[in-house]
Amino acid sequence: MAANILVYIDHFQGQAGQSSWEAVGAARSLAQALGGEVTALVAAADGSALAAQAIQHGADRALVSDDPALAEYRAEPYASTVAKMARHAGGSALLFPTTGRTRELAGMVAVDLETGVTPDAIALEVKDGSVLATRPIYAGKLLTKEACLGRLHVLTLRARAFPKPEPSAGKSGPIENVPADVGAPAPEVLGYKATGGGVSLTDAGVIVSGGRGVSNNPKLTPPAEITDEKQKEVWRAQQGFVLVRDLASALGAAVGASRAAVDAGYIPYAHQVGQTGKVVSPDLYIACGISGAIQHLAGMRTSKTIVAVNKDPEAPIFRVARFGIVGDLFEVLPALTKAFKAKLGK
Amino acid sequence: MNIVVCVKQTPDTAATVTVQDGKVSWGDAPLVLNPWDEFAVEQALRTKEAHGGKVTAVSLGAEGAKEALKQALAMGCDEAVLISDPAFASADSLVVSAALAAAIGKLGEVDLAFFGRQAVDSDTGVTGAQVARRLGWPSLSLVAAVRALDPGAKSIEVERMLEEGRQEVRSRLPAVISVTKELNEPRYPSFMGIRKASKAVIPVWSAADLGMAAVPAPALTWPEVISPPKVDTQCEVIQGDTIEAIADKLVTRLLEEKVL
Ligand SMILES: Cc1cc2nc3c(=O)[nH]c(=O)nc-3n(C[C@H](O)[C@H](O)[C@H](O)COP(=O)(O)OP(=O)(O)OC[C@H]3O[C@@H](n4cnc5c(N)ncnc54)[C@H](O)[C@@H]3O)c2cc1C
Ligand SMILES: Nc1ncnc2c1ncn2[C@@H]1O[C@H](COP(=O)(O)O)[C@@H](O)[C@H]1O
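Respectively, the protein sequence lines represent chains U and L. All the letters of the first sequence, read from the start, carry residue numbers 0 to 345 under numbering that gives the first Met the number 0. All the letters of the second sequence, read from the start, carry residue numbers 0 to 259 under numbering that gives the first Met the number 0.
Derived CB-CB ranges, DEER-like: (1) K310/U to T251/L: 18 to 26 Å; (2) P312/U to P202/L: 52 to 60 Å; (3) K257/L to G182/U: 51 to 59 Å; (4) A13/L to A193/U: 32 to 40 Å; (5) P312/U to V230/L: 17 to 25 Å.
If you are wondering where the hints come from, they were derived from the structure by calculation, not from laboratory data. Glycine included, each C-beta is placed from N, C-alpha and C at the ideal position.
Please construct the entire structure, taking both the sequences and the accompanying hints into account.
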């Protein structure tokens, strides 16, 4: 039992993101090293499809708690239910994918189980028969290795830090029902306001980001009715972001931004990459008009390949970039969009 | 309303942080109020300004953490408490959350406890939710807007930032709120505030004062802290006669290196 690895399937209204499957893959590797099995934990209004998917992605079996009270995500009933399933299954580690929901969820489950929680791990190994997790601290300036000896180790795993396993369609396994525990007082969900949708930043394989530089095109003349200087700048930035978006859509990429761009009102905060925004590690990160401040680097430094477009050859972003183009993004981006479209056959 | 805000003292985010023989050092960079907690303090103050009551800032840390509490006082908090005890020296979030929950319990009938999104040193981002869990209060995390607050009816409505959109929820009080930077623009301390804070006497509570006769051992151990492996990226600056030629060449290089 102790060698068992538990993995929580994070989902939004029954749809799991790819980071959940990455977590199943990571659980599989740990279980292999420890000689145990992988149990997926599903809490949902109706979790049967998620349980089947988890097994196809590599779990040996699944525990499912179905309850109408779990239709909308709320930390309290989810935490009680997951803690209950974890006690029922037993094991040495409980993995969550890192998402907006799971930091609090993992923390609460850890309190219920009186155990340690390691958020946002980027690597896992087995040492002396237990899990040793690596995670960034001080915004990635250092890495710490954490262990939780003799207790169930609760962890969340950074998206895209672990390979996503290919599902095998034919695979099936036992699914056991565990009654949910939804007694704890919890907030009531009134609804959702969309924040623009599009590709999820943390799951994206390619990200194109814009910084303060996207507003810097003196050649563009704002419409006469905009008289306020600040509004003129925002208008210019919006034209710049059209170019960023065009490039992103040619690449099927998500759109990111620096804090300077967000604070200046060019684009909503949900797009911010960096220490106080989202931490991303795509295969390709294209930074346009971003200087490369340390707080921005904290959010994207682990990208596999970084491309910088900046008119200042001395900009620090070039120190972390694999490829650089020194030039005006208002000229470079349209040319790049065209070149990508031509070469990628779109 | 009886409002609490939990704040941590952290090294400045611009600090160069290094590790030597397992010991973390940030050189002579200043220690500051955790930047996320400024948003928590601001929201606590706005709540008090709208509904009356008092705001108490609470920090767990060494004696020096009083400086972070003074910053909170200078911004306008009414009172501050430092939780300090050698027994907390190697505390993990499990232990910190137990101590903060106990402190909130000791502060009487608290209506709202504010937290930052995460501490910029440990980058944990779980303490608020863990304290809520210990207190048995609802946890409202990643709050980007407070839409309504009715202290009489003990009810609050907020918007939370999830990847899929903003989740709008209604909760009863007392509750824990952890904030994002969408919520407000933190104020600067006033001159009067700074003067008042510099004279403030901040009480220190030990584990025993919190009724924690035996401080639980941390669940986590940190066998190793390391500097991230240096990746020596040589930037290849793409050159060409025209913008089109440069763009073409970049795409070709990305395809050659199998980035795409
Ligand atoms: C506590 C704290 C937290 C922070 N968190 C974050 C965070 O999460 N994310 C973040 O990004 N920042 C964060 N910052 C802010 C950070 O320090 C920088 O201020 C910010 O990243 C700068 O954004 P920028 O690169 O877009 O702007 P700038 O630094 O102004 O850079 C603009 C760049 O655009 C280039 N440029 C201008 N015009 C053009 C053009 N036409 N074509 C091409 N290039 C052009 C310029 O050469 C320059 O390099 C934080 C700061 C603090 C103190
Ligand atoms: N030692 C501490 N003392 C007081 N508050 C803390 C402490 N550690 C964390 N917090 C609060 O919990 C939030 C999240 O911190 P963390 O979970 O450590 O990333 C911080 O923004 C603070 O509001």
